[in-house]
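Participant: Given next are the chains, with one letter for each unit.
2 protein chains.
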Amino acid sequence: MGEVGHAGAAAADFGSLGERGFVSRLRPLLPGRTDVSLGAGDDCALVAPPSPAEELVLKADPLVEGRHFLSSDDPRRIGRKALARVLSDFASMGAEPRWALVDFAAPPSTPVAFADGILEGLAALARRHGVAVVGGDTSRGDAVSLHVFCAGAVPRGEAMRRDRVRPGDVLFATGALGGSYASGKHFDFEPRLAEGAWLRRRGVRAAIDVSDGLSSELWHLARASGVRLALDPAAVPLSPAARRASDPLAAALGDGEDFELAFAAPASDASLLSDFAAAFPGTPLSAVGRALAPAPGGEVVLLGASGASPLPETGYDHFAPAGAAR
Amino acid sequence: MGEVGHAGAAAADFGSLGERGFVSRLRPLLPGRTDVSLGAGDDCALVAPPSPAEELVLKADPLVEGRHFLSSDDPRRIGRKALARVLSDFASMGAEPRWALVDFAAPPSTPVAFADGILEGLAALARRHGVAVVGGDTSRGDAVSLHVFCAGAVPRGEAMRRDRVRPGDVLFATGALGGSYASGKHFDFEPRLAEGAWLRRRGVRAAIDVSDGLSSELWHLARASGVRLALDPAAVPLSPAARRASDPLAAALGDGEDFELAFAAPASDASLLSDFAAAFPGTPLSAVGRALAPAPGGEVVLLGASGASPLPETGYDHFAPAGAAR
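From first to last, the protein sequence lines stand for chains A and B. For the numbering used here, add 2 to where a residue sits in the first sequence, where the first one is 1. For the numbering used here, add 2 to where a residue sits in the second sequence, where the first one is 1.
Pulled out of the complex, with its shape left as it was, chain A reads as follows:
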């Protein structure tokens, strides 16, 4: 068998490595879990299901060269981001990620060290959060891309969802927003898994992660919940990078890739801010607005000195022509 030769240190690029050779290089990197009965290497993976008191949580997210990263970026940060984006979705529901599968495509000319770096970055974050990589596929592509699929669990009926905002709720955002590409935060953000789980246990039932920009996420919440949301622009937490932008508020609302949590909590939970600060001293939390009233179809307004004005949904649409007005 040529497998050992294929996988040897002399291999210079992804194409010469061979699929089995590449997979065999990866396997030692892949973190495990005791609930995995059959990991990567068979037709499917087998794991212990969540308990009957839980729901099974499923999510897939792509990471594509030119859209989410450049080929000149550090491969470890690329691989880390591919998984971190999915974990951010789990965070937004207060769910626990457990198992991941990764489809990895790259041009045959990709240096092996680059491909190794991508998987090392991904595996390191997986280990950190107790996620087992239990399968996937490697293939040739015109560009580098990763498709990460993650499964996990959340206590039944407790998931934070987009359609659970109620009139009277207070709107919150974690962290600081805007300029994520400029600052590198789009690579290095820490998925708010601990914060999401804490909020879920606290009884919060409506949340979303800020991937396309706060404006866009508020619209998602408003539409799914059928409510009118009011955002206080003075309360939006601006990142240092957003403050350096020509229009800091526009940057904070529209840049996207913040991977913070936006959520709605009952106004009756008066100690939420202080309790959160005690639990997560390193994670800012800001009350940024209110849910006002039922509104079929949803509506988001920006509060101002002269009253409320409609908030444009300036989030990023992956198909919209560059710079097109929405």
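A few of these clues could be false.
[To be verified] Chain A stretches covered by chain B per the calculated footprint, using a threshold of three residues with CB under 8 Å from any CB of chain B:
1. 62 to 75
2. 83 to 96
3. 160 to 170
[Stated by the list, open to error] Quick partial rundown of chain A residues pointing at chain B, CB under 10 Å, derived from the structure:
4. C46
5. A145
6. F151
7. V156
8. D211
Calculated directly from the structure, the hints in this document are not laboratory data. By construction, the Cβ of each residue, glycine as well, lies at the ideal position given by its N, Cα and C atoms.
Chain A is fixed; fit chain B onto it per the hints.
Facilitator: Chain B in isolation, oriented as in the chain A frame:
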């Protein structure tokens, strides 16, 4: 909101449709299941977990233009194949697929009718097998690609695996092999889900699906199980397309994309062939060889008049240079 306009009939291509517009077009196509508490449209999907008497089964498979189909192919067949390949993996374990997520990438210039056709073909097969499409992502890409993730269940400890072949077992293959690209079977094959579940209930514990060619699959079984396998070339079921090839046996062993099942059953199960024929009169089943003896690292030989010769592993390696000797 511009969503209705985006999704209108006047949209001519994928790029002008917008991501939300495209997703809203798709939603009515997506089959559901009563165990889905939250489908596509939130950060993650929520479904009822398999029972404690089951294991959770996870699999991801890519389908990429130029590798698995051509842009000139019927889009319904492309979409169908994207899911069918994953279902074939579930079939090989005797598992039941339940929920799928689909990442769909296409160039912005892709006609909407083509993109619609892909998803219609996928959704039709999903409905046929009771699989709910509970999420996914649409994005721009240089080529059309689909990454399908599927989760399901199998009774605990009963999954058919690659590492369960025992010396003395008889080797079987369903259907007829070879020439799948020439005949179009690589698109139109029916995933052997019913046959796989039947074999599992029968007590079969070692199987694989024939995606890269029977030679390659036998090597996978041999390596994973640490056994020496002997293949009887005269017993290999040749498809009509393979019979028309210059070397029918080579076509049957190496063409790949047959999506049949290869499995090992105890020789003591003397009525397997007749009982299978009664249960599946439309599915040929052939005894093609035997597992001979333990062999660390695995070995596969071809039986001949002058004794046994090593069987080359001529399966398709997605990274191997075209035509390269293996």
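Participant: Taking the hints in turn, state whether each one holds.
Facilitator: To see whether the hints hold, each was checked on the structure:
no. : hint       : verdict
1   : 62 to 75   : holds (count 5)
2   : 83 to 96   : holds (count 4)
3   : 160 to 170 : holds (count 4)
4   : C46        : 4 Å, holds
5   : A145       : 7 Å, holds
6   : F151       : 4 Å, holds
7   : V156       : 7 Å, holds
8   : D211       : 6 Å, holds
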